[in-house]
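Please model the entire structure based on the sequences and the hints provided.
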Amino acid sequence: MSEISSNIILVILVTSFATYLSRFLGVVSSEKIKETSKIFKWFNCIAYSVLAALIARMVVFPAGELAESDILIRLFVVVVSVVMFLFTKKNLVYPTVLSAILLSLLNSYL
Amino acid sequence: MINSKYFFQGFKSIKGLDSPALALGASFIAIGALLKNIGFNLGQSIFSTFLTYALPGSLVMAESFLIGASLINIFLAVWLVNIRLYPMTVSLMPLLLHKSQPRWKYYLSCHFIAVSAWLIMKGNYKSIEKKHRIDFWIGIGTGTWSVAIISTIIGFLASDYLNKDMMIGLAIVNPVYFTCMMVGAMKSLQISLSIILGAILGPAFFFISPEWSILYGGASAGTIAYFIGEFK
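From first to last, the protein sequence lines are chains A and B.
Heads up, the first sequence is in numbering that gives the first Met the number 0, so the first residue is 0 and it goes up one at a time.
Heads up, the second sequence is in numbering that gives the first Met the number 0, so the first residue is 0 and it goes up one at a time.
If you're looking for bench data, these hints aren't it; they were derived computationally from the structure.
This structure is a prediction, so every number in the text was calculated from the model and none was measured.
Just so you know, even glycine gets a beta-carbon here, dropped at the ideal spot from N, CA and C.
Be careful, since some hints might not be right.
[What the hints assert, rightly or not] Quick list of in silico lysine-lysine cross-link-like pairs, DSSO-like style, CA-CA up to 30 Å:
id	chain 1	residue 1	chain 2	residue 2
1	A	Lys89	B	Lys35
2	A	Lys40	B	Lys163
3	B	Lys129	B	Lys4
4	B	Lys104	A	Lys40
5	A	Lys37	B	Lys231
6	A	Lys33	B	Lys125
7	A	Lys33	B	Lys163
8	B	Lys98	A	Lys40
9	A	Lys37	B	Lys129
10	B	Lys121	B	Lys163
11	B	Lys14	B	Lys163
12	A	Lys31	B	Lys186
[As the list claims (entries may be wrong)] If you anchor each label on the Cβ, the simulated ranges turn out as follows:
id	chain 1	residue 1	chain 2	residue 2	range
13	A	Leu12	B	Leu156	44 to 54 Å
14	B	Arg102	A	Ala66	40 to 50 Å
15	A	Asn90	B	Phe49	27 to 37 Å
16	B	Lys14	A	Leu74	29 to 39 Å
17	A	Leu12	B	Ile227	34 to 44 Å
18	B	Glu128	A	Leu71	40 to 50 Å
19	B	Glu128	A	Leu109	27 to 37 Å
Okay, structure coming up:
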């Protein structure tokens, strides 16, 4: 195995360990937490708001390819998709497909 | 060992109109293409999604790898971006725990905790008897995880045909899917407030600390929402 490819394997192992750690510790803590407890409710709120924070960050301050599109275009696409989601009785296929096409088009022609 | 009726019931959540398959597929196609571009081979790319299965973590790994970050720095950066998995696990697993079920199922299947599978389980657990929830969960997890792995392969193989505008289009699918799922999950005051405040405070904290913004924003938003919901 070359040096670069064994390095890649190490990077993957370190990444997966760093990821599994939080999941593992979560299960350990869960053994002591009842679903009716206050602490469970509190964690539930935090889980939803951390996800909302993550998603909002992906749209407002994206990493990678998305950073090359305009923020106003991204926000426009997200709002249009959510409105479509609500109008199609919560169908998820239409807004997701629409968002990809809309952003690709707006980004290349605006 | 695993009740196949509930396993397949969960597995089937990847088809249908509220399926996460499309969003997961789009984002892991982008990951496959990205990993190829930074010099991973096909086997390594599959290995990466197989073992990590968390999108932001894989993105951070790719960025850190490109700039030649040390292993300890990669560990810290990935751990930080994926620490959200801790509150997600703590707010899911107590719903699935049952005395009659062996512990290894929980420690193994926590690998499937990622936004898409988590949101599906949170939306459906009440319809499944508590004893069988873990098998249903393993079904959801296996389904979504398989989609991620297959999409990584497709993205790797198709990367030469994907131009920049197409990649940007693929990248928006995931946040749009999750935004819609979150809007759909707003069923109580506490959860709605958690989501709305999180979406505001997350980006707001970015101006103070980009690395910690999700954690700070999420923890403060969730705590405020919890107290408002409890004492109202």
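Okay, the hints, checked on the actual structure:
1. A/Lys89 to B/Lys35: Outside the cut-off at roughly 35 Å; violated.
2. A/Lys40 to B/Lys163: Status violated; Cα separation ~42 Å.
3. B/Lys129 to B/Lys4: holds, 14 Å
4. B/Lys104 to A/Lys40: Since the Cα atoms of lysine 104 of chain B and lysine 40 of chain A sit roughly 24 Å apart, the hinted pair holds (cutoff 30 Å).
5. A/Lys37 to B/Lys231: Given that 30 Å is the threshold and the Cα spacing comes to 15 Å, the pair holds.
6. A/Lys33 to B/Lys125: holds, 16 Å
7. A/Lys33 to B/Lys163: Violated - the C-alpha atoms of lysine 163 of chain B and lysine 33 of chain A are around 48 Å apart, more than 30 Å.
8. B/Lys98 to A/Lys40: Judged against 30 Å, a Cα distance of about 22 Å means the pair holds.
9. A/Lys37 to B/Lys129: Since the Cα atoms of lysine 37 of chain A and lysine 129 of chain B sit roughly 20 Å apart, the hinted pair holds (cutoff 30 Å).
10. B/Lys121 to B/Lys163: violated, 35 Å
11. B/Lys14 to B/Lys163: Distance ~29 Å between lysine 14 of chain B and lysine 163 of chain B Cα, so the pair holds.
12. A/Lys31 to B/Lys186: holds, 27 Å
13. A/Leu12 to B/Leu156: 44 to 54 Å: violated, 24 Å
14. B/Arg102 to A/Ala66: 40 to 50 Å: Check passed, 43 Å falls within 40 to 50 Å.
15. A/Asn90 to B/Phe49: 27 to 37 Å: holds, 31 Å
16. B/Lys14 to A/Leu74: 29 to 39 Å: holds, 31 Å
17. A/Leu12 to B/Ile227: 34 to 44 Å: holds, 43 Å
18. B/Glu128 to A/Leu71: 40 to 50 Å: Holds - the Cβ-Cβ distance for glutamate 128 of chain B and leucine 71 of chain A, about 48 Å, lies within 40 to 50 Å.
19. B/Glu128 to A/Leu109: 27 to 37 Å: Roughly 52 Å apart at Cβ, these two residues miss the hinted range, so it is violated.
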